[in-house]
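There are 2 protein chains.
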Amino acid sequence: MKCGVLFSGGKDSGLASLMLSRYYEVELNTFVFDEGQVKDTIREAAEFIGLPHQVRILGKEILNRATEMVLSDGFPNNAINMVHCEALERLAGLYPVIADGTRYGDRVPFLTHDNVQRLSSRYGISYIRPLLGFPKTEVLRLANREVVITYGETGDMDNGDYEGEIRNAIRMRGFDPSRFFPSMHQQSLVTGKAGTSGVST
Amino acid sequence: MKCGVLFSGGKDSGLASLMLSRYYEVELNTFVFDEGQVKDTIREAAEFIGLPHQVRILGKEILNRATEMVLSDGFPNNAINMVHCEALERLAGLYPVIADGTRYGDRVPFLTHDNVQRLSSRYGISYIRPLLGFPKTEVLRLANREVVITYGETGDMDNGDYEGEIRNAIRMRGFDPSRFFPSMHQQSLVTGKAGTSGVST
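For the protein sequence lines, the chains are A and B, in the order given.
Using the numbering used here, read the first sequence as starting at -5 and increasing by one per residue.
Using the numbering used here, read the second sequence as starting at -5 and increasing by one per residue.
If you are wondering where the hints come from, they were derived from the structure by calculation, not from laboratory data.
Just so we're clear, the structure is a prediction, and the values are computed from it rather than from any experiment.
There's no promise every hint is true.
What the hints assert, rightly or not - If you want the footprint, here are the derived chain B segments under chain A, 3+ residues with CB under 8 Å:
#1 21 to 28
#2 130 to 141
Said to hold, decoys possible - From chain A, some residues computed to sit far from chain B (all C-beta separations above 12 Å):
#3 A10
#4 P46
#5 R84
#6 E132
Claimed, not checked - Computed cross-link-like contacts, DSS-like style, restricted to lysine-lysine with a CA-CA straight-line distance of at most 30 Å:
#7 K187(A) - K33(A)
#8 K(-4)(A) - K33(B)
#9 K187(B) - K33(B)
#10 K33(B) - K130(A)
#11 K33(A) - K(-4)(A)
#12 K(-4)(A) - K54(A)
#13 K54(B) - K33(B)
#14 K130(A) - K(-4)(A)
#15 K33(B) - K(-4)(B)
#16 K(-4)(A) - K187(A)
#17 K187(A) - K187(B)
#18 K54(A) - K130(A)
#19 K130(A) - K130(B)
#20 K(-4)(A) - K130(B)
#21 K54(B) - K(-4)(B)
Virtual Cβ for every residue (Gly too), placed ideally from N, Cα, C.
Can you build the whole structure from these sequences, using the hints too?
Have a look at this one:
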């Protein structure tokens, strides 16, 4: 059975994909707003994970909607959740089983119980969050066994979590994105297979 | 790393154990109130799962406390949760990582977020619920690939979910347990390895 996993290039979605690949025919799916924005680092991360990788385009309309939400809210949470939901809905139209790397305790992105129910019943799909019941310590322990992880701040780090493109769009409108996005938001990127030296970025 | 999983003999705790056995040195742990109450069906279920199995004794005091809770509440939920918490605390004293087969949407047994935090910080352990993010359809799909499952009603089914012994204790006190326990509470028992004909009970 095919399973489409939302893949940012980071440790959580990478580990979730590897866990599910034991049971499902997993495809990694990275969503970007603009086709030109697909990072080589994410393609490389997918290669280290060793599963087929699809890049999918959310489009300018969703980017505009997200940018306006951030500007009017003054913080990015609702916008990031909206984009995450949109990406999951697109996957739900393509696969019988969809998944992501969200964990219990994640604030953003994270679907409410109602949104989870709506997604499953509207599209008749299963939505799996394999890491939901794993505490952070165990996610780190297991991820480190499978892959090499590099950490950095959003903005310095070329992963695929929507934030980079929204920051650029805010900058294009003449605002300073650091006013809207929390600093010290650590991101991770898969940069090697465990047991190798990895590729540092 | 050793991981002690609460094992009732049913499909959920069986699947959770198999999932974790890829990453941890898993031991199945079945808790009973009275040593004489360990069912052969559960020992057989553990053999079908193929992982080491420990039987642990909760003791008469916990059985009495649970029985009194059911009688005074008029329903078993709080008592079952109390026993489940007690069993997890005992495991937390024995293993660095503990786990069970509870799922999102399970009402009983299910730990509140506060109880999960308390358990982890008090004992300095990780508590994993590998099935938390799996919808029921997918738990069934994956469990059926690994094991043969037999279904039945509590009372007709010799699995290890504490209910049988509490029902007996209520009967011994001169009450009819069916007044306190919901009917049509379907239970499952692992009765074979997938790909075999299984053992029917």
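Hint check:
1. 21 to 28: violated (count 0)
2. 130 to 141: n = 5 at 8 Å, threshold three: holds.
3. A10: violated (9 Å)
4. P46: holds (21 Å)
5. R84: holds (19 Å)
6. E132: violated (5 Å)
7. K187(A) - K33(A): With Cα atoms ~19 Å apart, K187(A) and K33(A) stay inside 30 Å; holds.
8. K(-4)(A) - K33(B): Not OK: K(-4)(A) and K33(B) at ~39 Å, beyond 30 Å, violated.
9. K187(B) - K33(B): holds (19 Å)
10. K33(B) - K130(A): violated (36 Å)
11. K33(A) - K(-4)(A): holds (25 Å)
12. K(-4)(A) - K54(A): holds (29 Å)
13. K54(B) - K33(B): holds (18 Å)
14. K130(A) - K(-4)(A): holds (27 Å)
15. K33(B) - K(-4)(B): holds (25 Å)
16. K(-4)(A) - K187(A): Measuring from Cα to Cα gives roughly 24 Å; hence the hint holds.
17. K187(A) - K187(B): Roughly 33 Å separates the two Cα atoms, so the pair is violated.
18. K54(A) - K130(A): violated (34 Å)
19. K130(A) - K130(B): holds (24 Å)
20. K(-4)(A) - K130(B): Within the cut-off at roughly 17 Å; holds.
21. K54(B) - K(-4)(B): holds (28 Å)
Hint compliance for this structure: hints 1, 3, 6, 8, 10, 17, 18 are not met, and every other hint is.
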